[in-house]
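Novice: Sequences are here, hints too, so could you generate the full structure?
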Amino acid sequence: MAGIVHNSEARRALLNFVGTQILPHEADLRQWLLRLGVKAHELDDIVQDVYCRLLRLERFEHIEDPRAYLFRSARNVLLEQVRRNRVVSIVTVQNLDELGIADMGASPEAAAGSRAELTRVLGLIEALPERCRRVFELRKVHGLSQAETARAMSISENIVEKETAKGLSLILRQMADNGAAVVKALKPKLSQQPGDDKRGGERLYVAD
Amino acid sequence: MSRIDEDAARWVARLNGDASAEDRVAFDAWYAADPRHQGAYLRAEAAWTMLDRAEVMAHGDPERAQQALDRTVRTARSAMTRRYAMGAGMAASVAVAVAIGFALKDRLSIATRLGELRSVPLQDRSVAAVNTDSRIDVDMTSRLRHVALVKGEAWFEVAKNPEVPFVVSAGDIRVRAVGTAFSVRRRAGGADVLVTEGTVETWTVHDTERRVTLTAGHEAFMPETPQTVAVTFRPDDVERRLAWRTREIVLNSETLREAVAEFNRYNARQIIIADPAIGSETLVGGFHVDQPDTFARAVHGALNVPVSIGDDRIIIGTAAATS
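Which chain is which? The protein sequence lines are A and B, in order.
With my numbering applied, the first sequence covers 1 to 208.
With my numbering applied, the second sequence covers 1 to 323.
Any given hint could be a false lead.
As the list claims (entries may be wrong) - So, partial list: chain B residues that the calculated Cβ filter (under 8 Å) puts toward chain A:
| id | residue |
| --- | --- |
| 1 | A9 |
| 2 | R10 |
| 3 | R14 |
| 4 | A21 |
| 5 | R43 |
| 6 | E55 |
| 7 | A159 |
| 8 | G310 |
| 9 | D311 |
Hints are computed from structural coordinates only; laboratory data are not their basis.
For each residue, glycine too, the CB sits at the ideal point set by N, CA and C.
Specialist: Here's what the structure looks like:
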């Protein structure tokens, strides 16, 4: 595959779709995968694979329920990995039909309006360490470029870039763990059932 | 978060900052190298783009924008303390109910039904774990501790007593131990002997001179008729093949045919392979002995073959039986 085309309309539309319709459900997806018995170290691979599939989408206007789409897509990744002899816990496969569907329903915060979304986005930035947060506020809330941000903070562009990478990493991690901190506070936390722990036990791969 | 995710975040920062032509070339190489890179990059760039909404939305909400600015002077909080410990405790133990009987008499018989597993302390403080559909006859005297494996399979943890040998007979096969742990399983024409601790000596009654010594981690099939015995050293495999002691079947590249035969040892609800062509597919995995349906669903997912799960039997590999 060739390098991605930047600034194209299609790419921008995809980024918008993924950023607003998919990313907010990633934390739930990860929880769901863990409950299916996927090992923590396998999670990132599976999630990356799921996002990679989104790249193949030519259009996404027809996706009425992005959350359900995301979960279905993850389910397909799991099935394919099992068939390709990758290390995936079988509970996964075994429970995909039974356990999966109930979790795919719309999340309570999905209906929340743009004000809630602003709170969520600002919450992500707010939770960053001091210098990181300042960089993100200037760049994202006030729309400054990297060079302008460097001047405003009297630091080098190189440092702004480093803080940007670090902050983005932290924000992605936040989204992977809790969605957004603010949303987390509103949402009843899923308690880990003692029984969940056992599910790691049953595995099956095609060894071929 | 994986290394790939961090790399992706770095590339987003670089390409949205001040990227040189060389950076672009390096990025293209990284991006093309692995589909996971492409997925991770889309994810990171989508998050970066999503954050622009702060600007868009805040501009329609000056109060919030001002608040956001005000906050820059206040103390920062660490995002990291909020993290869940994901996946912690995923590997908790599995409780196993084991029927325990006491066998304190000199002579006794222990028999198990299909699917039953019994772990029985013997008079000499040894322990016998008796697998499904098996029977042992125990005979303890002051000169000899003798256990006859009448049928099936049993594992013994032998209490040390050098004065009194502990001997298991399985048909014509004999296995002798002094303070050790091992299992014996009867097979057509001989017996499997697996040693988990210490040393055992095994032989066939047709050639008592030729004895095979097995130490921990070794396994051998002892044929009734005198012939060369192949001994293998596979400690992990020995433990794996004794998973039945915790009511588990652990497969490591066994064929579907062999795996099904294992499940059928434990359950009246027999599994039938309807399509002989798939019998040689090999499988890796761990299951409970009494959950053949779980196994069948796993096979369905892994081999992509139809499976019909009924109350009395389970059929793998026939299109007509798909439910």
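Novice: Hints first: check each against the structure and report whether it holds.
Specialist: Tested hints:
no.	hint	in the structure
1	A9	holds (4 Å)
2	R10	holds (4 Å)
3	R14	holds (6 Å)
4	A21	violated (12 Å)
5	R43	holds (5 Å)
6	E55	holds (5 Å)
7	A159	violated (31 Å)
8	G310	violated (18 Å)
9	D311	violated (18 Å)
Hints 4, 7, 8 and 9, counting from the list given before, are not met by this structure.
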